[in-house]
Each structure stands twice: as structure tokens, then as C-alpha cells.
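> So the protein lines, in turn, are chains A and B. Just so you know, numbering that gives the first Met the number 0 puts 75 at position 76 of the first sequence, and the rest follows in order with no gaps. Just so you know, numbering that gives the first Met the number 0 puts 98 at position 99 of the second sequence, and the rest follows in order with no gaps.
No false leads were mixed into what you were given.
Rough simulated footprint, nothing fancy, chain A against chain B, three-plus residues with beta-carbon under 8 Å: (1) 66-73; (2) 76-90; (3) 98-112.
Treat the hints as calculated values from the structure; they're not laboratory data. Every residue, glycine too, gets a C-beta built ideally from N, C-alpha and C.
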Amino acid sequence: MELVAIEILNGIVLGVIYALVAAGLTLIFGMLDIPNFAHGSFYALGAYVAYTAMTHANFPLALVAAPLAVGTLGLIVDALFIRRLARAGHTYQILFTLGIVLIVQEAIVLIWGADPTSVDVPAALSGGIALGPISFPYYRLFLVAVAAVLIAAVWLGLERTKLGAIIRAGIEDSEMVEAIGYDIQRLFTLVFALGVALAAIAGALILPIRGGQPAMGNELNAISFVVVVIGGLGSYAGAVVGGILVGLVQSLMTLILPSASEVAIFAAMVLVLLLRPQGLFGTR
Amino acid sequence: MLTVRAIDAGYGPATVVRGVSLDVPDGSIVALLGRNGAGKSTTLKTIMGLVRPRGGEIALDGVRIDGATPHAINRRGVAYVPEERRVFSHLSVEDHFTIARRAETPWTLERIFALFPKLEPLRARRARYLSGGEQQMLAIARALLTAPRLLLLDEPSQGLAPVIVDAVVESVRRMRSEGLSILLVEQDLAIALHLATHVYILESGELVYSGSSAELRQNAAVQAKYLGVG
Chain A
0 MELVAIEILN GIVLGVIYAL VAAGLTLIFG MLDIPNFAHG SFYALGAYVA YTAMTHANFP
60 LALVAAPLAV GTLGLIVDAL FIRRLARAGH TYQILFTLGI VLIVQEAIVL IWGADPTSVD
120 VPAALSGGIA LGPISFPYYR LFLVAVAAVL IAAVWLGLER TKLGAIIRAG IEDSEMVEAI
180 GYDIQRLFTL VFALGVALAA IAGALILPIR GGQPAMGNEL NAISFVVVVI GGLGSYAGAV
240 VGGILVGLVQ SLMTLILPSA SEVAIFAAMV LVLLLRPQGL FGTR
Chain B
0 MLTVRAIDAG YGPATVVRGV SLDVPDGSIV ALLGRNGAGK STTLKTIMGL VRPRGGEIAL
60 DGVRIDGATP HAINRRGVAY VPEERRVFSH LSVEDHFTIA RRAETPWTLE RIFALFPKLE
120 PLRARRARYL SGGEQQMLAI ARALLTAPRL LLLDEPSQGL APVIVDAVVE SVRRMRSEGL
180 SILLVEQDLA IALHLATHVY ILESGELVYS GSSAELRQNA AVQAKYLGVG
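Turn these sequences into a full structure, and let the hints guide you.
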């Protein structure tokens, strides 16, 4: 019973990480219609930027530096390349983002080395809380709290601010947003940067638990797409709920059949698509 | 206000509009008529910059706007109300006002609600739950809030109940009396003749008639040839 409780908690930890990454991807894929196969690579870069910040400075700085640095990189990549490819169609965008996957992985090897890296959990967050017979690490609770605050803040930003309303309008009809006077290309670049910044902060948060390794983005590249499809393309709530669902499925499967925990994620996607092709919260 | 000279436009390999020229003088309503597929909507989209002209010139108060992006054209003072209305279905009426409203617009919310009293109690409602007529009013309000000098209005009466059509037609008259210039695409000849001072007719992408409303009203032959169903 305790094992189940622990795996549920771990599933939530994993789930909020997936939710953060997928929330970013649903903005990029759902609104901008860019099939960003490199989304997990920005997550990996976030982890490595956080690694540098933690080894040279401290953890709070790492949580700020990772989204800022990766978000800035996202601005540049989008403005210089992805905007230009937007007119060329999906095939070119897919090839380009697959190129980014390879470039990021090799860049990580060049800058940080091919060996896995690890950092200690911040001293202030070491130890754990006793939940009956089990102990749950403080850091994981902190991670869930930070992720929840970020997810809520982005949701509020989308639902309650003028910029958020413009972005939601742009998801539906970018031409009409142009026709009421907004430069949709600049807005799209901003949203792309916001999306990859969310992936980066997820990478920074997971670093003290899983450490970093150059190919760490590949797993998330696949999972974030699964989550977005399960949740419904372009649905923010769908990405969040889907992320937590996938995290739970993956965690609980390690109790039943550990070798199948990855397969279970894709099985869950197939199941959702069969029952509800538009995804849990999708409208199209 | 608006001068269009010999524009060509279309989609992909298809040319939909060929050599169309028209003028919208300051403070007037000009109607663009013709059968389905004649190129009326494409002409409006081309003026708005949503379709890029392949040739010809479009100028607003003497300044070329052809080739500019739609947001730049909107900021120069042109607003667009599409045939399908294209309100943002997940946004509330209030959200539409918030994102469309320009600081310099003379259209305060009070004046918008005076024009469309039906919208006031619906401020918090998402656009997808509005009726067709309410969506039409919202699409016009959204355009007005961007402070246009020229309004491109595509088939505002289409698919609406007669009583709603009357309200929309009345609102268009009031917009003109506020000094707005309007280029109106309309299937309903009676509405077009009632509102517009000058009328152009398109047929298969080409301009085939230009005259005052009074002249067209008398000219049954032109009406039958280009507008009649038979």
C-alpha cells in the first residue's frame, strides 16, 4: 500500500514536469501550428543551464537563469528560422526541429561533456516529510508547488490579461488578430519563447532528482507530444491534465510491469484517441 | 479616401479579381455588388492585405497600402468585417472590446452600446454562444474599436432575421453619419441601393458597371444581367 502511495506521489511529480513541458508545447503546436519536435531539447538545455547556475551560484538563480536563457534562445531561433519556414509548411519545420535535436545534443556534449551530470538537492530542501510510514522528499513537494504556481500563473495570464486574450484569439484566427492591428509574427515569436521557457524551467526543476545527460531531451520530445495529443491539441487545461495523467500511468506501471511503463504511455494515447479523437479537452 | 487601381488578385494559380478599380470618397458608402464568386470578398480581402495583390495599386488618402501587412493597414485606418464574421468564439464580448480597442478610437463603449443595445447585457458571454445577429454586431463593434476611417463590410445582412437586418442597416447609416467611409459588399440589392451613393458591379472578377445608386435603380437591364438569379 505504501508503495502505491509513493508511486502516486512520484507520478504527480513526474506529471507536473510533463504538464509544464506539454503546456509549452501546446502553445507552440496548438497556437503556432509548429510541430516542434525539439521541445524536449529545450527542456534538456534548461537542465544544463540550471546545472551551470547551481554549480557556480545557487538554486534560485538556476530557476531564473534556465527559462531566461532558453527563452532568449527560443526568441532567436524563432525569429531567424522558424518564422521564415512557417510559409514553407510542416515538412520543413519538422526537418528543422529534428535538426535542432541533433545540434542541441551535440552542443551539450561539447559544452558540458558526454558524461551524466548530477547536483545535490538544495540544502534548504533536503530531508523529507513523514506521511505515515513513508517519507517523501521536501524537494519533490517544492517541485510540485513551483510547477503548480507556474501552471496557474500562465493560465491566469492566458485567461485574464489582454495579452492572453490576444493569444487565445490568435489560436483561433490569426488573420483576424492581424486585421485588428496586431503583428502576429512578433506575437508568435513571443509565444514560442514562452513555450520553450516553460520546458526549460521543467528541466531545471528535474535536475536535482534525475541529473542531466545529453540525450535527456529525447524522451520528453516523444512524451510531450503524447501529452498534447491526449489532452487535445491547443488546450492548455488538456496539456496539464494529460501531463499529470501520463506521469501517474508511467509511475504506477513501474509497480505492475516496469519494462512496460513507457509502452503504457503510448497505449494510453491510443485508448484516448479511440474513445475521443480530439483529445480529452480538445475541440478539433 | 480609398483608391483602387487595376488590381489583380487570387489564390494559388487562380486569379479571382482582374483589373478592378474603384473609389470610396470621404464619408460615403460605396457598394460592391455581383453574383456569388464574382470576386467581391476577394476584393475586400485584397484591400485589407489578407490577400496580396499581384498587380495594381491601392492607396489610402494617397498613400500606397498594397503589399503592406494587415496589421499595418489596420493601423492606417482600415477595418474589416468578414462575411463569416469570424468573431473569436472562446473570447467574451468584453474580451473582444479589450483587445480591439485603440486609445484614439472615438467609439467609446457607451457609443458602441448606443449603436448595438443588444450587446450590453451580453458583455460576459463567450462569442460562440451569441446568435448570428449578435455575432454580426460584435464583429462590427470589434472593427469600430480599432478607430478606422474606412470600414470594409462584407455581407452584413447575410443569414440574419429581417428585424436584425434592419438594426444592422440602421447602424451602418449611423456610422456613415459619424463620418466613416464604408465599402459595402452586399447580395441584397435593396439594402445596397438604400445605403450606398455609388455602386460597382463585379462579374467573374471584372468590373462591369459603375454608377450612382439612383442610376442603377432605374436600370432594370443591368440589374437583370448581372444581379438577377436567372
